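Visitor: One letter stands for each residue in the lines below.
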Amino acid sequence: MKRAAATRTALIAAATVVAAVVVAAIVTLVAPPARARVKLVSLPERATVVLRLDHLTAVLVQEERAVTLQQGLNRLDFSWKRVSIEPGSIQLEPLDRAGRVQVLNVSFPPEENALVWEVDAPRAGPVRVRISYLLKGLRRLVSYRAVANADETALTLRGYLTLQNHSGESFDQVAIEPGYGARFVKKLENGESKQMLSFAAEDVPIEKTLTYDPETFGPRVVMRYRIENTAENKLGSFPLPAGKVRLFIEDTKTGAAFIGEDFAEFTPVGGELELLLGQARDVAVERTIVNVKKIPRLREQDGRIRLYDSDETYRYELQNFRDAPVTLTVVARVNDTWRMVQSSHPFERTDSRTIEFTVELPPKGQTLVLEYQVLRTNLE
Amino acid sequence: MRERLSVALAAAALPLAAALLLAAALLLAAVPAVGYITLVTVPERGDVQLTIYNSEDLTLVQERRTLAFKKGLNRLEFSWAGTKIDPTSVQFRALEAADRLEVLDVTFPPFVKNTLVWHINADRDLSAQAEISYFTSGLSWEADYVAVADEADNAFTLAGHLRVTNGSGEDYANARIRVVVGVVQLLDDIATMADDEAREKAQQRLRGAIRKGELLAERKAIVKEAASEYFLYTIEGTETIPDGWSKRFPAFEQPGVPLTLTHRFDEAKWGADVEKIYTFTNDEASGLGAQPLPNGAVRLFRRRGNALSYVGHQVMPCVPVGDEAELDLGPEPQIQVETTQTDYRKAKLDIRGTRVFGYDETRTVELEITNGTERDTELELTQAFTGDWEITRSDLPYEDQDYRSVTFTVPVPARGTRTLTYTAVTHTGSNAERNE
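Top line first, the protein sequences correspond to chains A and B. Quick note: the first sequence uses the working numbering, first residue 96, plus one each step. Quick note: the second sequence uses the working numbering, first residue 278, plus one each step.
One thing to keep in mind: the hints can contain errors.
Said to hold, decoys possible - Pair by pair, the computed Cβ-Cβ distance ranges are: (1) A:Arg376 with B:Val592: 50 to 58 angstroms; (2) B:Glu530 with A:Lys303: 26 to 34 angstroms; (3) B:His396 with A:Gly167: 43 to 51 angstroms; (4) A:Gly167 with B:Arg401: 44 to 52 angstroms; (5) B:Ala661 with A:Glu367: 22 to 30 angstroms; (6) B:Lys546 with A:Pro309: 32 to 40 angstroms.
Claimed, not checked - With a straight-line cut-off of 20 angstroms between C-alpha atoms, the simulated EDC-like cross-links for lysine to aspartate or glutamate are: (7) A:Lys389 with A:Glu369; (8) A:Lys329 with B:Glu651; (9) A:Lys231 with A:Glu287; (10) A:Lys388 with A:Glu475; (11) B:Lys546 with B:Glu655; (12) B:Lys623 with A:Glu407; (13) B:Lys625 with A:Glu272; (14) B:Lys625 with A:Glu475; (15) A:Lys339 with A:Glu310; (16) A:Lys281 with A:Asp431; (17) B:Lys625 with A:Asp404; (18) B:Lys546 with B:Glu615; (19) B:Lys623 with A:Asp357; (20) B:Lys625 with B:Glu667; (21) B:Lys623 with A:Asp446; (22) A:Lys176 with A:Glu207; (23) A:Lys281 with A:Glu158; (24) B:Lys623 with A:Asp406; (25) B:Lys623 with A:Asp431; (26) A:Lys282 with A:Glu272; (27) B:Lys623 with A:Asp404; (28) A:Lys348 with A:Glu247; (29) B:Lys623 with B:Glu643; (30) A:Lys303 with A:Glu369.
Bear in mind the hints are in silico, worked out from the structure with no lab data behind them. Every value quoted in this text rests on a predicted model; they were computed, and no experiment measured them. C-beta: ideal position from N, C-alpha, C; glycine also.
Chain B on its own, in the form it takes in the complex (with noise of 0.2 angstroms):
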């Protein structure tokens, strides 16, 4: 409860000695020397509704309060000690009787810290709901999941969370939460942001489902929608997070979600180790598809029999809907490869008169790989060269991966061995062609 709004209501003209009294003695000294005060009432928060935002350390409070104005000057006051509120974002927009209120001014007295006041001129005496809206920093999201395959790792069950956690020195009690995911550009859009009907879809269907019966107390769904480039993932109903504190919600739990295993060989990512990948996509036929799914850790077990095995821990980026993610799950030591260069040859040496400008490297390489699992795999192996250089002969196809490196799979039985040969030439000096 370090925030505090206060309204002063300007009608009647008072001695100035007394009003200046009066606010010394009641406000703590927290109010600065006013003229005109008659009546001072807090406001319930009405409603607080938090949008926030991971690309930036930045939140959208936005707080519904009813307000009852006096006709003519009235004094809105506002203050935040020992919170991280921007000041220059605060804003005032009265919802009702837009048309009867007009903000004339706003200010922020002298030698009162984190206040502000707002002087705003009513054409009668009215009670309207108004919203008062700021950044915050603080706040923040992630997203992280739980997938557990199944024992021939065909498929998995997606589990996704959303965690948020509340450092901003404000404690928020019942607030509806919203994240967004996407990178904020125009900081001044946020504002725009604010989707009302979604919110209220949401609201609809909870209310629908109690009288229904369905629910007790029933797991908040979270409603994702896009909005413009972003996509705001909104907690049904409303949740109390005290400051310091993170609160962790079940988003999504997707089972039978497809999977393939693979293993990869690439000595420049991994070294000797043969990588196991996990691979899914994000889409219908996963089950999957309705929305991108944020950055964040997945933690990932296999079902063995009535137990779990831990597998992994990995940081997936974001996964945009139609899109391929890949899990790396750490090195498979029980699929080993052995490589071996078989032959070496320095052959077509450019020599002219006393200086050698050029020459060709033969180099056949072996590679043996072992498999010790209790499934077939295809393996696929990465090799990188360097120079001008050229695959003359091959065991098995392969594809260019880029500028310097070709892939080969290779099917290598279950508790097998599969060996695979090539040969390839190095162009050095004159006798290259291409640039390195």
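One chain only, chain A, in its complex shape (with noise of 0.2 angstroms):
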């Protein structure tokens, strides 16, 4: 009986060790604090930074570290605090020694913002080490600073790339990497925003359009730049990111003048940019419906016009009152299944539903008229 009750204690003093042993172990693995920033625990800083921003929206970080290993097992901790990481986007790759040092695997620890690695070096000694991995919070915009020259037939682009920090994380230096134009390298704080200079093309040759589309840009004429994305017009060695272009024009006053903004549409190489400057206030057009007229084709037995066709006649009166011609474009829509009657000009049908006319304006307020006849047919 003694005996007996002498063995339990015995034994529950070794489970409570047992407990607690357990409990070190897990200790020693979660032991490293959470930093305030990216941190391996018992190695030296971040040798190289990169910030890699080739990807449409995702910016991967990619780090360099010397890592003094043990010969055997040896424990990596890494862990981050307020700095947005995607955890499981994280990766330690040997550069050195490769297929010898070897990852054996990774533990995440529980509601902590931490991992640890467990690594096998064959012998000790420094290796250098890759970590990369997803950050959040780190956006980035793309604006154009865009001056035509003084007869609109070439443009100096400028784009300029700017990162706003809110990842959590500062960089002192940083290589930054846009996947295109320049690299830079940066000191990069959280909570700062950089702006800084991607590429400038000079001598971008530019169309000068003038169009009236009223469906598209509402009861005005439009002046229009439109840039090729190719070499032979000085670009063309990268897409052109979307992004707010500002449009100015040489001045020999002030340098240059503020003509307008446009956001730019992404643009491939071999891909068209057109950049809408705003209103031609001394180009006017006046539309005017000549004549609808219902054909009928087919009637109900009381009267009633069941299908038919239309007649329809539209006049344009344009006039520019500029001291030289210009070219416009007038853009039409007629529905449905139709052929043109007649038409003062020649005219491109550009899809379906869709002409456009292409006409030269004689100066000083001249006005030219431009009229089409079309007819709709099977209309219910």
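Fit the two chains together into the complex; they arrive one by one in their own frames, and the hints show the way.
Guide: Structure, rendered in structure tokens:
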């Protein structure tokens, strides 16, 4: 009886010790406390950091560190606090002695922004490793400044990259790889915004166009610059990312005068970029519906029209108040099945319901009349 | 250490009051009143194996312990406070001297939570290895992959990982871990999945390698084999995963897996974007094909000189052996498709009396594809139709995708443009011959 009691007490004590050891083991694993910055515990600071922005939205951070490993099993703790890292994306890659130094596994402690790599080294010594992860909260913005020459035949295009760092992480010296244009080495602190000149292209040929297309732009004549992203046009080595373009024109007195701004869509290599400058006030268009007449094809017994064709005539009075002639594109829409009966000017059918007239307008307020007649058929 | 196993061996009779007192004093009130106690032992958990299913929140735990039995009636007590064990699943099985041990009953004592007691009769004093198995929830596993494509997008290195997460409430130290791919149909059959042979083979390999001095702390090989409809992946050796932790192991790394890069345009799926797709095959020719690839997230990178650039993230469904896998890498903005309906005509009106019963609409569509990338591509371009439709003329051959869509394969040169034009007729009303 006495003996039994003693045995049990001893065993319970032993069990407590085992539990403590396990706890101790866990504590050892978790031990490095989370720091305010990304840190590889017991390791030197990162040697180089690269921010790769060549993905459309994601930011990949690649940092290299020299790690001194012991022979055999090593534990590398990596933890972060208030930094928007995607934990599943973190990778460790030994760069030296590739294939000899091996990452055995990685453990993720509960409710903590940390992980522990177990790394095996065949012998002791320093090893360069690359740690990469996706970083959130680093926003990027592209903007352009375009300065056209006085006769609007070419422009200088400058592309800027703005980084807004709300990732929680500060970078002392970071290489920024935008994936196009220039590469930067900068200091980028948390909370900081930084604008950098990515590229500049001079003498990029432009075509200035005047368009009257009320369905797209409202009842006004708009001016646009057309730029081709090709090598012949001093561009074409990379796609132009989407961003706001501020447009200026060279002015001998003020240097450059602001003439408007527009949002540039993503323009692939070989693609075309059209920038809207605003309204041309010295070219006037007056559109008149001359005639719309129903031609009955089928009637109900009570006389109501069931099916008809429509005979339509439209007139545009075009006036150019400039001193020189201008070329204007007039865009008109004709729905359903139709055919042109007659037209005062040649036209191009750009799609099934769009026709475009390109007309030369004489200078100094002269009026040019454009008139066409279409027949739309089988209307219900 | 929240699970506790205690054995009470009843041999000699004891005064009832003393036994009660003993139990109360020494077992923290967890043990019910027992009449006959001479000795209590808490044997070491000798060996534990986890078989984790990911189709259900289910893990089979098999523990082995060596127990000392006295001749006659033995009480074996098992308790599991704070864990997620399914009490109805707990089983005792003698691995040695099975013919000398008889489980008489299993009791869930009243007023004591998370405890059960087996009454086991031994026909003589003996020491035997026994297995206690049960199901627990809270353990899970998932596969994930890192794929690094070469610069030419011709091949990639595919590295698979297994990540085991322990949320079971129990710390598992030095456990053998196996994970099961496949959907569990009959829960009763899970116990038969235990495959001692496979584990033994893996162990022998590891021991052999250590003898040859090949391994120091070698990466754990993850051994796979088929078990009926399922696949078992065994992580070599033993692992410790405390409660709340998860651990990720490299499963395989296969360089030079051939891949095909295709571009697709299908407005029903991706809107106006051209989608970039990698295709590879889980077969021997690709250096794979030994086992199905469990479903999991794939992170894709592309080698760029010395560095990697991030391509995208995608969840890949399970890829059976011999099957083709598609990884959707997101839009390729450098390839653009501009659709123009160049002609529209309504004709063949079916007029009876004063009513129009049907008509045909003919549409000509021009698709201009601009490829701003530096490589030639074949764009798989899908066009969808409604109603009773037919293509009457086309620049390029096409294949029927399904009842209401076709796919054209359009070669577009690098930094070039290609135009595809086709004409389709839709028969409406009385002109229609096929059902919607």
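Visitor: Each of the hints needs a verdict: does it hold here or not?
Guide: Status of each hint after checking the structure:
1. A:Arg376 with B:Val592: 50 to 58 angstroms: For arginine 376 (chain A) and valine 592 (chain B) the Cβ distance comes to about 55 angstroms; the hint holds.
2. B:Glu530 with A:Lys303: 26 to 34 angstroms: The hint (26 to 34 angstroms, Cβ to Cβ) is violated, given that glutamate 530 (chain B) and lysine 303 (chain A) are roughly 57 angstroms apart.
3. B:His396 with A:Gly167: 43 to 51 angstroms: 49 angstroms, holds
4. A:Gly167 with B:Arg401: 44 to 52 angstroms: Holds - the Cβ-Cβ distance for glycine 167 (chain A) and arginine 401 (chain B), about 47 angstroms, lies within 44 to 52 angstroms.
5. B:Ala661 with A:Glu367: 22 to 30 angstroms: This hint holds: roughly 28 angstroms between Cβ atoms.
6. B:Lys546 with A:Pro309: 32 to 40 angstroms: 35 angstroms, holds
7. A:Lys389 with A:Glu369: 39 angstroms, violated
8. A:Lys329 with B:Glu651: Roughly 18 angstroms between the alpha carbons, so the hint for lysine 329 (chain A) and glutamate 651 (chain B) holds.
9. A:Lys231 with A:Glu287: 15 angstroms, holds
10. A:Lys388 with A:Glu475: The hint holds at about 14 angstroms.
11. B:Lys546 with B:Glu655: 18 angstroms, holds
12. B:Lys623 with A:Glu407: This hinted pair holds, its Cα atoms lying about 18 angstroms apart.
13. B:Lys625 with A:Glu272: The given pair, whose Cα atoms are some 60 angstroms apart, is violated under the 20 angstroms limit.
14. B:Lys625 with A:Glu475: 14 angstroms, holds
15. A:Lys339 with A:Glu310: 24 angstroms, violated
16. A:Lys281 with A:Asp431: 59 angstroms, violated
17. B:Lys625 with A:Asp404: 15 angstroms, holds
18. B:Lys546 with B:Glu615: Holds. Lysine 546 (chain B) to glutamate 615 (chain B) sits at ~17 angstroms (cutoff 20 angstroms).
19. B:Lys623 with A:Asp357: This hinted pair is violated, its Cα atoms lying about 39 angstroms apart.
20. B:Lys625 with B:Glu667: 15 angstroms, holds
21. B:Lys623 with A:Asp446: Since the Cα atoms of lysine 623 (chain B) and aspartate 446 (chain A) sit roughly 16 angstroms apart, the hinted pair holds (cutoff 20 angstroms).
22. A:Lys176 with A:Glu207: Holds, at about 9 angstroms.
23. A:Lys281 with A:Glu158: Status holds; Cα separation ~15 angstroms.
24. B:Lys623 with A:Asp406: 17 angstroms, holds
25. B:Lys623 with A:Asp431: 8 angstroms, holds
26. A:Lys282 with A:Glu272: 14 angstroms, holds
27. B:Lys623 with A:Asp404: It holds: about 12 angstroms lies between the C-alpha atoms, which stays within 20 angstroms.
28. A:Lys348 with A:Glu247: 17 angstroms, holds
29. B:Lys623 with B:Glu643: Since the Cα atoms of lysine 623 (chain B) and glutamate 643 (chain B) sit roughly 18 angstroms apart, the hinted pair holds (cutoff 20 angstroms).
30. A:Lys303 with A:Glu369: Judged against 20 angstroms, a Cα distance of about 10 angstroms means the pair holds.
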